[in-house]
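Asks: Fit chain B to the supplied structure of chain A, relying on the hints for placement.
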Amino acid sequence: MPEMDPSEKKVLVTTGIVLMLFIFSVLYARNRNNDLPECIPYNKTYTEPKISKIDDSTYQVFAVAKMWQFEPSKIYIPVGSEVDFYVTSMDVVHGFNIPEKNVNLMAVYGNINKTTVKFEKAGVYKITCHEYCGIGHQSMQAEVIVNIPLNK
Amino acid sequence: MQISKSLKRLIYWQLGIPVTLLTIGIYHGLMQTIYRSGLIHQNSFAHLDYYQGLTLHGVINAIVLTTFFAVAFGHATITFYLKSEPNKFISWLSFWLMAIGTDFAAWAMLSGKASVLYTFYPPLKGHPLFYLGAALLIVGSWLPLFDWARMYVHWKKSNRETKTPLAVLGTLVNFIIWFVCTLAVAYEVLVLLLPWALGWKPTVNVTLARTLFWFFGHALVYFWLLPAYIMFYTMLPKLAGGKLFSDLAGRIALFLFLIFSVPVGVHHQYSDPSISQGIKLFQGLLTYGVTIPSFITAFTLAASLEYAGKKRGSKGLLGFFKKLPYLDPNRYLFAYMICGLILFIFGGLTGMVNASGQLNSVVHNTAWLPGHFHMTVAGPVFLAIIGMSLYLYSTNSGKKIFLPRLNVIIPYLWLIGILIFSTGLSWGGLIGEPRRTNLGLTYLNPKNELFTPEWVPTTMLALLGGIIMTIAALFFFIVFFGTMFSRKKVQAQLTLPVSEALHDEKRIPLFDTFKPWLVTMAVILVISYTPALINALKNPGPGAPRFTPDSPVPQETSNTIK
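These protein sequences, in sequence, are chains A and B.
Position 141 (the first sequence) corresponds to 141 in our numbering; numbering is contiguous.
Position 340 (the second sequence) corresponds to 1340 in our numbering; numbering is contiguous.
Bound-form chain A, shown alone:
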């Protein structure tokens, strides 16, 4: 190798340190807060929209996206519930975004997406479709209503 300029050596070391820091942060943040969606094989059961209570603080939601609505369109759960969202689409690709909870999933025909999230505060959380899905895309929104009223 030819002689390296001293400042080039410094910048390579700095790059290495910065890179390690990035990789450390990515690995450290795994399994905390929101992780990547779970990978589960297709199963037809999830294509029927449904809200089921597993126990007092655990809910299961089978969310089905269609042009241009989510079913169920209003999801009522009590404060402090942990919700497993199973998301799929009946037609084109849709998005499933709850910005306040960093829930960010794609709803894809023939595929099941899954994430788990805990709602600690009361309120109305909008679910917005954030993937272009045809002429009605801009009207596709649903709600998670936490604490009002208990069980629908």
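Calculated from the structure, these hints are not laboratory results.
These figures come from a predicted structure and were not determined experimentally.
Where hints are given, some of them may not hold.
Straight-line alpha carbon distances no greater than 30 Å define the calculated DSSO-like cross-link-like pairs of lysine-lysine that follow [stated by the list, open to error]:
no., chain 1, residue 1, chain 2, residue 2
1, B, 1113, A, 9
2, B, 1323, A, 66
3, A, 101, B, 1447
4, A, 44, B, 1538
5, B, 1310, A, 10
6, A, 121, B, 1447
7, A, 50, A, 118
8, B, 1447, A, 66
9, B, 1538, A, 9
10, B, 1538, A, 114
Stretch by stretch, here's where chain A covers chain B in the computed footprint (C-beta under 8 Å, at least three residues) [what the hints assert, rightly or not]:
no., segment
11, 1430-1442
12, 1510-1518
13, 1528-1542
Glycine residues also receive a C-beta, built at the ideal position from the N, C-alpha and C atoms.
Replies: Quick look at chain B alone, frame taken from chain A:
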């Protein structure tokens, strides 16, 4: 150097067609910001629908302009540095395939039969001619690579101990990346989508199609970027009045791009189902590998500019910034490049945010994303493309720049526009504003129940930025077409600014040969994409039928062409 009439004509057409189409692309860019800010609450304006306009904006600006330019610039660099011209038949065949493909796709989009955006995710179906057109454009752009490779091998035979010129190396690396990544999208388009769109195949595996698309889609951004990198390394130091800090650094960066550009596409699918967390994490970490050539480049360019500034008599640590030829109308390419580089700092940093799986869940598919990539593709890439198009045109035709003082301020105006525009989009993205959405109809319509007042300031900023960008683009069209319609004044020739190297390291065989790098590229690709493709084949259930944007009811298979 003097070049043949045929090559000259070819380069004119390859620059003129995309710049002409760019007027449509820019118009629809402005319209996006108008619709989104709620200034109008309409589905369409002047008979063109929002999503149709968005498709035109993406396809013209990000695919047609960039691909045509890369080929034209490739012809120019290869001819200039290897001192011989590409094969006439192959280069014109490539041009006609690309031009016809563009016509097909343009017809499908303009007639409203392919409002599927530039990512054309199935099962949203566009007109078959849209897919065929895209395939022709891509296949046409492959042909020159084989011709240039032949010229390179020929040149190398008589120049074994000479380093391959950096610009030639860059062009070859770029088109190898392009060839490899477009194999996947060509397969997606020709094998999965076209027969399905024609009704010959009833369904399509959506996740497989998305995975193949992103195999292409991320490498695509490097295909956009590398012509700009070639200019930054081989021209910018000269334009600044200095020398390239290190020639070897450029070679290392280019070969690292060859390795890291393609096997990272799954980071666009962090939010997708059916792809395991492990492979997402693995490709995410590989993505950080791309930061190495980027840091090398950032350092080398800054050091080159510092050298130039010091030569011009600057003092102190950062004094060199004040001594650069920012507003010299004779070195307008410097202005175009420096503005691109400033934007690229922010583009790069926001890109590193996106590469993290956790942070991606905050910003995925929100307005943050166009905020990010307008500081890359509409930053260094776009400015390098339009600046160099003007330069190649004017030097090859012997015409002087029309309104040179206006020309040199265009990039600064664009820089200001983009910074405001991207601030609006990035801020909006962080508070959940979706991308690719006609917000004005619902979320930014006070009369609609979905009205979301939080997004008023963010979309207003994007609108303001969009207006400034459009003015800058208008100025560019005035300068470009003004130059084109002016009279020939000086001698016409193919010429490029050439930077000498400050540290011109002696030839190291490893950094002057393709084989070991191509083998490494193939190995990493196989390792990182085999599991992703197995996932995409195994985990999904039934394939999807065909849907058009206007109906939740799938099209019958017997109904072949709509």
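Asks: Please go over all the hints and tell whether each is borne out by the structure.
Replies: Results for each hint:
1. Of the supplied pair hints, the one linking residue 1113 of chain B and residue 9 of chain A is violated, its CA atoms being roughly 55 Å apart against a limit of 30 Å.
2. Using a Cα cut-off of 30 Å, the hinted pair residue 1323 of chain B and residue 66 of chain A is violated, with the two alpha carbons roughly 59 Å apart.
3. At most 30 Å may separate the alpha-carbon atoms for a hinted pair to count; residue 101 of chain A and residue 1447 of chain B meet this at roughly 27 Å.
4. Annotation: proposed proximity of residue 44 of chain A to residue 1538 of chain B holds, straight-line Cα distance about 15 Å (limit 30 Å).
5. For the hint linking residue 1310 of chain B to residue 10 of chain A, the alpha-carbon distance of about 21 Å falls within 30 Å, and the restraint holds.
6. Annotation: proposed proximity of residue 121 of chain A to residue 1447 of chain B holds, straight-line Cα distance about 29 Å (limit 30 Å).
7. With a C-alpha separation of about 18 Å, the suggested pairing of residue 50 of chain A with residue 118 of chain A holds against the 30 Å cut-off.
8. With a C-alpha separation of about 25 Å, the suggested pair residue 1447 of chain B and residue 66 of chain A falls inside the 30 Å cut-off, and the hint holds.
9. With a C-alpha separation of about 46 Å, the suggested pairing of residue 1538 of chain B with residue 9 of chain A is violated against the 30 Å cut-off.
10. Between residue 1538 of chain B and residue 114 of chain A, the direct Cα distance comes to roughly 17 Å. Compliance with the 30 Å bound is thereby established for this hinted pair.
11. Here the segment 1430-1442 of chain B counts 10 residues with a CB under 8 Å from a CB of chain A, which clears the bar of 3, and the coverage holds.
12. Beta-carbon proximity to chain A at under 8 Å applies to 0 residues in the segment 1510-1518 of chain B; the threshold of 3 is not reached and the given coverage is violated.
13. With a threshold of 8 Å between beta carbons, the proposed coverage of the segment 1528-1542 of chain B by chain A holds, since 6 of its residues qualify and at least three are required.
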